[in-house]
Each structure stands twice: as C-alpha cells, then as structure tokens.
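Can you make the complete structure from the sequences, with help from the hints?
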Amino acid sequence: MKYDVVVVGSGPAGSVTARFAAENGAKVLMIERRQEIGTPVLCGEGVSRKIDDWDMLEGDRWIAGRMDGARIYSPDQTCVTLSADQAGNETGYVVYRDIFDRELARRAVKAGVTIMMNAQATGLLKEKGKIKGITVNHFDEELEVKADIVVGADGVESKIGYWGGIDTTLKPKDLETCAQYTLTGIDCKDAYCDFYLGRKIAPGGYIWVFPKGKDSANVGIGILASLSEAGMARKLLDDFIKKDLRFKNAEPVRFLAGAVPVAMPIETVRDNLILVGDAARHVDPITGGGLTHCLEAGKIAGEVIGKAVKTKNFSQDFLMEYETRWKETVGRKIKRNYMVKEILLGMEDKTFNMLADSLKEYNFEELSTLGLIKALVTKHPTLLMKLKPLLKVSKEERKDK
Amino acid sequence: MGKPKAKVDKKKCLACGGCISVCPHDAISWIGNKAFVDDEKCISCAICIRICPVGAISGDGGF
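Note that the protein sequences, when read in sequence, are chains L and P.
1 is the number of the first residue of the first sequence in our numbering; add one for each residue after it.
402 is the number of the first residue of the second sequence in our numbering; add one for each residue after it.
With a straight-line Cα cutoff of 25 Å, these simulated PhoX-like cross-link-like pairs (lysine-lysine) come out:
id : chain 1 : residue 1 : chain 2 : residue 2
1  : L       : Lys235    : P       : Lys412
2  : L       : Lys171    : P       : Lys435
3  : P       : Lys408    : L       : Lys235
4  : L       : Lys128    : L       : Lys146
5  : L       : Lys126    : L       : Lys146
6  : P       : Lys406    : L       : Lys171
7  : L       : Lys173    : P       : Lys406
8  : L       : Lys171    : P       : Lys408
The hints are simulated quantities; they were obtained by calculation from the structure and are not laboratory data.
Quick look at the structure:
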C-alpha cells in the first residue's frame with residue numbers, strides 16, 4: 001500500500017487534517033485503532049460557538065444543546081455568572097461527540113480519504129533513517145503502509161511523535177486526569193454550563209455539569225495528575241454527585257475516563273512527520289478544551305501537506321510552515337493560558353473565594369477565558385504584576401487581528 | 402526479586418491513554434485497545450498508578 005499521507009487516528013484533528021490534505025490533492029489513508037469512529041467518547045462535550053466560524057459541520061444532529069451561559073462556583077459556592085445576554089454574544093454548545101466525529105470523518109471521505117478500521121499503528125517504517133510510512137496491525141495481521149508523510153493524530157497517548165524523535169512524554173503537572181458520568185433523571189433548570197472549583201472538590205482542576213437536554217447532563221471531573229492518587233478522580237466525582245441534591249434520583253447511562261494534556265506548545269514537525277490535535281497538545285490549559293484548535297490546526301496541516309505533495313518536498317523545513325502558522329494563532333493562546341494556569345495553581349481556596357466575590361456582579365464583555373482574565377485584572381490591579389507576561393502575549397494577539 | 406512492576410487490570414481500564422502519555426520509559430502501549438505494561442521497560446516509578454482516574458493500575462505484588 002502506498003499513499004501520499006497516512007493519518008493515524010480519526011478524531012477531529014485526524015479527520016480535518018485528512019480532509020484538507022485530500023482537498024489539496026493528496027492521496028490520504030486514515031487509520032483508526034477502534035472499531036467505530038467517535039466511540040467510546042472521551043470528552044466533556046462542551047465547545048465554544050466559535051466552532052461555527054469554521055463551518056466544518058453540516059446540519060445540527062451533533063448538537064445536544066445550545067448554552068445560554070456559564071456559572072463558575074468558587075470553593076465557598078460564590079457564583080460568577082457569564083451569560084450570553086449580558087455579554088451580547090453567544091456561548092457554546094454541548095455536543096454529541098460520537099456524531100460530531102463521524103460528521104467530520106464523513107466530510108473527509110467526501111474529499112476522497114480512505115479509512116481503515118481496527119488498525120493499530122505499531123511503528124514507523126524507516127529506510128536509511130528516513131520515515132517511509134508505518135507498520136500497522138490490522139485485525140491481527142501485520143501490514144506495511146508506505147507514505148511520504150505520517151500524521152500523528154493519535155491522541156494524548158501519541159506514539160507517532162515519540163517514534164519520530166519528538167519528546168511527547170507529559171509531566172504529571174501537565175496532564176488532567178478525568179472521569180465523567182452522563183446522568184439522566186435530573187432536572188436541568190436552565191441551559192448553563194456549571195463549573196466547580198476547589199482543592200477538595202477537584203485539586204488542580206474542576207468539576208463540570210453540562211446539560212444535555214432537559215433531563216440529562218455530563219457530570220465530570222478533571223484533576224491535575226500531579227495531585228492525583230490511584231482512582232481519585234472517580235472517587236471525588238462520586239462524592240460530589242452523592243452530596244448534590246440535583247442528582248438524588250439520577251442514574252448513569254454512560255461512564256468514561258479521560259486524559260487531557262494541559263501543556264506548553266511542543267515541536268510538531270520532523271522530516272515526513274506532523275503531529276496534530278491532542279498529540280500536538282492543542283489544548284487550552286485552563287479549560288481543557290481543544291475542539292476548535294483541532295479544526296484550526298488540522299486545516300493548516302492539511303493545506304501545508306497539500307503543498308508538500310505538489311512540490312514533493314517533505315522535509316522538516318518545508319513542513320515547518322504548519323508549525324509556524326499554528327503557533328502564531330492557537331499556540332499563542334495556549335502559551336498565555338498555560339501561564340494563567342500556573343498562577344491559578346498557586347492560589348489558595350480563599351483567594352478563589354475572594355476573586356469570585358468581587359466578580360459576582362460583574363458584567364462580562366466577553367464570554368471566554370480571556371474575558372475572565374481581563375475582568376480579574378480590572379478588579380485586581382495587584383494581580384497585574386503576575387499576569388504581566390501573559391498580557392504581553394494577548395496584546396500581540398490583538399495586534400494580529 | 403526485582404521491584405514490583407505496574408500492572409493494568411483490563412476489566413477496570415477504560416482506555417483513556419493517560420498512563421501511556423506520562424510513562425517516562427515508553428513502557429505502556431495499547432494491546433487490544435487496553436493499556437498494557439511491558440515488564441521489561443517498566444522502571445517501577447508508579448506514576449501511572451497514581452494518575453489512573455479509575456484506579457485500574459496497581460503494583461504487581463504492591464509498591
């Protein structure tokens with residue numbers, strides 16, 4: 001088998017990269033180790049309405065609910081409300097990730113991408129040190145897939161990068177370890193995404209309640225792996241659900257575990273190799289969200305791959321256009337929010353309570369983490385000192401727009 | 402006897418991949434879509450045990 005490109009992993013980053021590579025003239029194979037694209041879901045399923053700007057998803061079958069805002073609860077239950085009405089802009093969706101992922105895969109196929117299921121990448125094919133493709137275990141049969149470019153869209157646990165000589169090992173302080181129930185039999189009073197903070201609730205992370213329709217919700221937890229003990233995420237989530245009266249009559253219809261990189265941007269390009277999505281750590285280190293980044297970076301990756309195939313230049317130097325472009329956009333935000341994450345991790349519960357108290361009546365101009373950061377800086381100029389380096393980053397960001 | 406090695410309980414593992422992402426010795430891989438520890442590579446650091454959200458990894462013989 002010989003392709004221009006083999007994409008390892010059929011999540012959003014893989015499918016979008018595959019699609020745009022194919023639309024730009026490349027012959028693309030996408031492989032998936034599981035037996036179904038999109039399942040099992042490994043996601044809280046919340047996404048910003050910025051996703052609409054990319055216009056990559058048709059119809060609305062992938063939408064479980066449209067959100068009117070978000071509430072953030074500090075450790076002493078002080079509530080900060082960010083509402084769409086107040087900010088005059090839109091918030092986001094709770095999505096069905098299984099449908100979402102298959103919709104992106106469908107678009108990839110429409111562009112001409114070939115898909116192979118039950119196919120696990122087992123190593124890189126190399127000739128004289130050069131990457132020539134991958135070895136694949138397909139239904140227990142070992143195959144060789146030759147390709148000029150290998151795309152690692154193989155998730156937080158990426159091996160493609162490691163095999164290609166990129167240090168992708170995450171430090172526990174750069175990983176959120178997660179668990180989530182989808183509960184039904186609850187009364188979702190309104191379409192708000194709720195976030196709960198506190199060292200005892202979710203050390204180094206948060207608990208979320210994302211409504212999916214009138215009587216169901218994703219209730220999940222992410223804790224910083226460096227603060228975790230064996231089975232802690234699940235235990236803390238169970239404790240939270242037991243104590244919350246909303247969930248008195250709730251029953252789970254789904255349980256899942258997850259792992260989310262909350263790291264600084266990494267190297268994502270080598271000769272004949274590109275990383276995208278969770279494998280490239282394309283995740284907002286504060287929220288743990290990555291879907292919009294996958295669409296943005298995946299499109300860039302696909303375009304650059306198209307150019308590489310046309311000019312038959314697969315060198316790191318040539319593919320570097322991808323990295324330069326995603327680092328200017330997605331990367332800048334990740335860098336800034338990583339620095340905010342580090343500051344937040346150093347704060348005590350009482351500081352969060354104080355900050356929440358000062359923001360409980362605040363009118364937010366912008367419904368985003370940046371909007372929240374701006375509000376904090378306005379209210380607490382002393383925080384400015386600590387936040388200075390990242391404000392510099394966001395100024396650069398504004399200049400670009 | 403050497404140090405105890407990390408061991409994944411296949412029935413408990415929900416295949417989130419967290420352990421693979423933090424293993425400093427590339428000792429964990431997917432086998433049949435569950436995490437599997439290669440004893441030869443495991444250095445008994447126990448990082449994977451602590452970060453597993455559902456407690457599916459333990460020390461073989463106890464850490």
